[in-house]
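Protein chains in written order, with my numbering: chain Y, 1 to 533; chain V, 534 to 861.
No lab work stands behind these hints, which were simulated from the structure alone.
For glycine and all other residues, C-beta sits at the position ideal for the given N, C-alpha and C.
Just to be clear, a hint being listed does not mean it is correct.
Said to hold, decoys possible - Short, incomplete list of chain Y residues facing chain V, as computed with Cβ under 10 Å:
no., residue
1, Met34
2, Phe42
3, Leu46
4, Leu98
5, Lys247
6, Asp250
7, Ala263
8, Pro291
9, Thr294
Unchecked claim - Straight-line C-alpha distance at most 30 Å; calculated DSS-like pairs for lysine-lysine:
no., chain 1, residue 1, chain 2, residue 2
10, Y, Lys247, Y, Lys341
11, Y, Lys341, Y, Lys440
12, Y, Lys440, Y, Lys63
13, V, Lys671, Y, Lys530
14, V, Lys671, Y, Lys481
15, Y, Lys481, Y, Lys156
16, Y, Lys530, Y, Lys121
17, V, Lys748, Y, Lys156
18, Y, Lys282, Y, Lys341
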Amino acid sequence: MTSTKTPPKPAYRDSTPRRVVAFGRNTWRGLTSMRTALMLLFLLALAAMPGALLPQRSLNAPKTADYIAAHGWWGTLLDRLQFFDVYSSIWFSAIYLLLMVSLVGCLTPRTRDYVRSMRAKPVLTPRNLSRMPHFLQAPRTASVDEVIEAARARLKGWRIAEREEDGGARTISAERGYLRETGNLLFHFGMLGLIVAFALGKMYSYEGQVIVQANGSEFCNGGIYAYDSFNPGLRVDGTELEPFCVKVNDFSAQYTPENQPVAYLAPIEYQSGADLQNNVWKPYLLEVNSPLRTAGDRVYLLGNGYSPTFTVTYPNGEERTQTIQWATTDPATHLAEGATKFDPPGVTDAVERRTKQLAITGLLAPTPLVQGGVLTSVAPQLDNPMVAVDVLRGDLGLDAGRSQSIFSVDQSMVDDGRLKRVARQNLAVDESITLDDGTKIRFDGVGKWVSLQVSHDPTQVYVLGFAIAMFVGLGASLLIKRRRMWIRVSPADSGEGGTVVQVGGLARTDQAGYGEEFNRIADELISGEKRKK
Amino acid sequence: MPVNETLSQYSDWSFTTATAIYLLALVFFLIEQSFGVKGRRAAERSATRVRELVGAGGPSTASEPVEPPPAAPSREAGRAERIGRMGVALTVLGLLLHVCALVLRGLAVDRWPWGNMYEYIMAVTLIAVASWLFVLRKFPVRHLSGFMLLPVVILMFVNGTLLYTVAAPVQPALQSYWLVIHVSAAIIASGVFMVPGVASICYLFRSAHERDPRKFAKFAPKLPAADVLDRVAYRATVLAFPLFTFGVLCGAVWAESAWGRFWGWDPKETTAFVAWVVYAAYLHSRATAGWRGTRAALINIIGFAVMVFNLFFVNLVTTGFHSYAGLG
Ligand code: HEM
Numbered sequence: 001m002t003s004t005k006t007p008p009k010p011a012y013r014d015s016t017p018r019r020v021v022a023f024g025r026n027t028w029r030g031l032t033s034m035r036t037a038l039m040l041l042f043l044l045a046l047a048a049m050p051g052a053l054l055p056q057r058s059l060n061a062p063k064t065a066d067y068i069a070a071h072g073w074w075g076t077l078l079d080r081l082q083f084f085d086v087y088s089s090i091w092f093s094a095i096y097l098l099l100m101v102s103l104v105g106c107l108t109p110r111t112r113d114y115v116r117s118m119r120a121k122p123v124l125t126p127r128n129l130s131r132m133p134h135f136l137q138a139p140r141t142a143s144v145d146e147v148i149e150a151a152r153a154r155l156k157g158w159r160i161a162e163r164e165e166d167g168g169a170r171t172i173s174a175e176r177g178y179l180r181e182t183g184n185l186l187f188h189f190g191m192l193g194l195i196v197a198f199a200l201g202k203m204y205s206y207e208g209q210v211i212v213q214a215n216g217s218e219f220c221n222g223g224i225y226a227y228d229s230f231n232p233g234l235r236v237d238g239t240e241l242e243p244f245c246v247k248v249n250d251f252s253a254q255y256t257p258e259n260q261p262v263a264y265l266a267p268i269e270y271q272s273g274a275d276l277q278n279n280v281w282k283p284y285l286l287e288v289n290s291p292l293r294t295a296g297d298r299v300y301l302l303g304n305g306y307s308p309t310f311t312v313t314y315p316n317g318e319e320r321t322q323t324i325q326w327a328t329t330d331p332a333t334h335l336a337e338g339a340t341k342f343d344p345p346g347v348t349d350a351v352e353r354r355t356k357q358l359a360i361t362g363l364l365a366p367t368p369l370v371q372g373g374v375l376t377s378v379a380p381q382l383d384n385p386m387v388a389v390d391v392l393r394g395d396l397g398l399d400a401g402r403s404q405s406i407f408s409v410d411q412s413m414v415d416d417g418r419l420k421r422v423a424r425q426n427l428a429v430d431e432s433i434t435l436d437d438g439t440k441i442r443f444d445g446v447g448k449w450v451s452l453q454v455s456h457d458p459t460q461v462y463v464l465g466f467a468i469a470m471f472v473g474l475g476a477s478l479l480i481k482r483r484r485m486w487i488r489v490s491p492a493d494s495g496e497g498g499t500v501v502q503v504g505g506l507a508r509t510d511q512a513g514y515g516e517e518f519n520r521i522a523d524e525l526i527s528g529e530k531r532k533k
Numbered sequence: 534m535p536v537n538e539t540l541s542q543y544s545d546w547s548f549t550t551a552t553a554i555y556l557l558a559l560v561f562f563l564i565e566q567s568f569g570v571k572g573r574r575a576a577e578r579s580a581t582r583v584r585e586l587v588g589a590g591g592p593s594t595a596s597e598p599v600e601p602p603p604a605a606p607s608r609e610a611g612r613a614e615r616i617g618r619m620g621v622a623l624t625v626l627g628l629l630l631h632v633c634a635l636v637l638r639g640l641a642v643d644r645w646p647w648g649n650m651y652e653y654i655m656a657v658t659l660i661a662v663a664s665w666l667f668v669l670r671k672f673p674v675r676h677l678s679g680f681m682l683l684p685v686v687i688l689m690f691v692n693g694t695l696l697y698t699v700a701a702p703v704q705p706a707l708q709s710y711w712l713v714i715h716v717s718a719a720i721i722a723s724g725v726f727m728v729p730g731v732a733s734i735c736y737l738f739r740s741a742h743e744r745d746p747r748k749f750a751k752f753a754p755k756l757p758a759a760d761v762l763d764r765v766a767y768r769a770t771v772l773a774f775p776l777f778t779f780g781v782l783c784g785a786v787w788a789e790s791a792w793g794r795f796w797g798w799d800p801k802e803t804t805a806f807v808a809w810v811v812y813a814a815y816l817h818s819r820a821t822a823g824w825r826g827t828r829a830a831l832i833n834i835i836g837f838a839v840m841v842f843n844l845f846f847v848n849l850v851t852t853g854f855h856s857y858a859g860l861g
């Protein structure tokens, strides 16, 4: 694009600064040409596509890792080239930055032209109207002034300019559809604003997920530590989160007879702002599609599941009870899997403690079916739930400094023989297992948990505003039509009074369909009467 | 919300019958199309007609004859004309049944009938046929109807066999008035986009033939002139594009309250973005020297291909928030 025309220059004028300026100007022209914008649009479409075809880290990190592992050098190469982070990749950003530059470069002169054309009067009536694409002519008995008067009334809503010509003729030039260009500029500026607001949003937003037991447990937006996972924007360090608290009182799911979910409801209470000091809780019914909006943040009900309660009675009579969420492995039947871990009470010696830690792992079936001793679930609702558990004793590896999943035990401890299975049994509610050392484990029942997401995005309302501006502008720029209309009324040559009326028309956009419209208006202008459609 | 099995059954029957009637209409249109003389005559007529539409023919529009002087119609041409009209009548009948199928489905499940892929495609094809009938009133392109009905019949056949989903209520995430707004916009836009898609494909054949009359010599002369096809494609796109934009916009607003963010590069969102950019490129290409005509038509076809990809590949192959196809 820069190579187009470099006229042969006399050597003495070929100074370096000049060449730099020329290069800059040519680059700018190339970049802001419609053709380049078109290519950039294509590149943008092409570059966005891998994001739909390949797993993306920001959406699903484990799946991305699996994909890379499964595809060897190819996966690694794609990863290096940022194909798993398409929308934050250098190449994607480069394309859209270029498109922005191109957009600005093309909007600047257009805005200037626009301002000029908004002030300008409709163009002079051409001398020879019959050369226009649309033309009608007819004699009238009314006077020039009368015809012009009526035409002016008919052209209400058009921008008009009247002129007098030699020989007593008068003309009106009229133009309509200026809003088209307004709409077009609104659309493009809206797009510019949207991109900027979107990018700012990526810097100042955050999103955090947390699981809360639906038994009156509380969650407070105090800091990153309160979350199970937290994705901050580039400019968020987690120290200045807007404080609010949520208390999840209950959760219920409704299902059809075919076990299809139809409603999830979590009655919660929350406090923010002054309520935090006064300890006032406000009620809210949290549902899918209706997040809690408070303190500039939104709280969503994302998921739900079950938490079995186990009570361990140690040989010395001490009791420990825990209710921990297990992970739903089958969304259709809510079969869950997890690990509830216990530290022996009153044991201070680290070595001894590491021989006596307990883990209850296995499956939880809300509506159980046992076939050949194997437990499955047949429905997602709680209906005499059962668990099938392995009890493991020994060293859970909690002191090893490695973080471990709350849903499973550290398998390397089992492989090393430091964590041994000491029992395996199916339990209904209130049933228990007694271990060889007299420890008793009772399955007390099942509670519910919900997973909540807290989202913070200070710019999203601006994004919405710009998007609406874009949409309105788009509608105007595509659907409004620019039309020109001229009428010339001259005294008839015969000198017996009466006039000749000429009407010419030009469609500046979207010519098709102007024919009929022109004929109708021209007819009314000539006859001076309003016609029914 | 129990499902009314009887109504659902009637809906299925209506749908199947509508498909069969479209197929019959398709055959009628192909017969009309195959009358060589007639096809050429229709193409000529549309060429004259478009001169009038564009208004570029001469200084005065009012005085120009709209129809060419009626040549003494041969018996064969008269029969073709009748068959073509019957095709249109059949299409209208099919459309009525199609509407019944959709309405009954909605009544059967007591909600808006676009909660899964089967219902979605049922609605998209309905809009496609309806917009085609609308185009027929404005442009002399009846003998193209076969090309329009072909993808419709294929889609409906695939829909009724492979994608069929029993009537059922929808999951909580879909229980929102945004379902009506967002999905309706997407349906209407997709249905209307089908018209420029088909017109642009025909355009490629016809313009290749106009450049080199030896190419597609048998088939292309029966198509309307390239500028009619171009105009049909443009007018339909200009209507569908803002609708599509509106649909994407509403999708974002809904995503904000359903999924926790208004835009997250979910596969369906990404592909909608790509389609949007491609159609924007189409609109720009028509204002760019050297890109009008064939290239613009190609871009429009790519746009429609992306829409189809979004419907099938993204629903059936990838997983994302939009995995509501109901084909678990
Ligand atoms: C994502 C990027 C863009 C989108 C989605 C977009 C979209 C649109 C749309 C829908 C129209 C209306 C077309 C019509 O009137 O037929 C339009 C018109 C226009 N756009 Fe863009 N645009 C984009 C970027 C750009 C850029 C970068 C430029 C300049 C280099 C540009 C220049 C224009 C011009 C000159 C028109 C008027 C075309 C005409 O006269 O019809 N656009 N744009």
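**Prompt:** So which of those numbered hints doesn't the model satisfy?
**Reply:** Of the numbered hints, 4, 5, 6, 9, 12, 17 and 18 do not hold.
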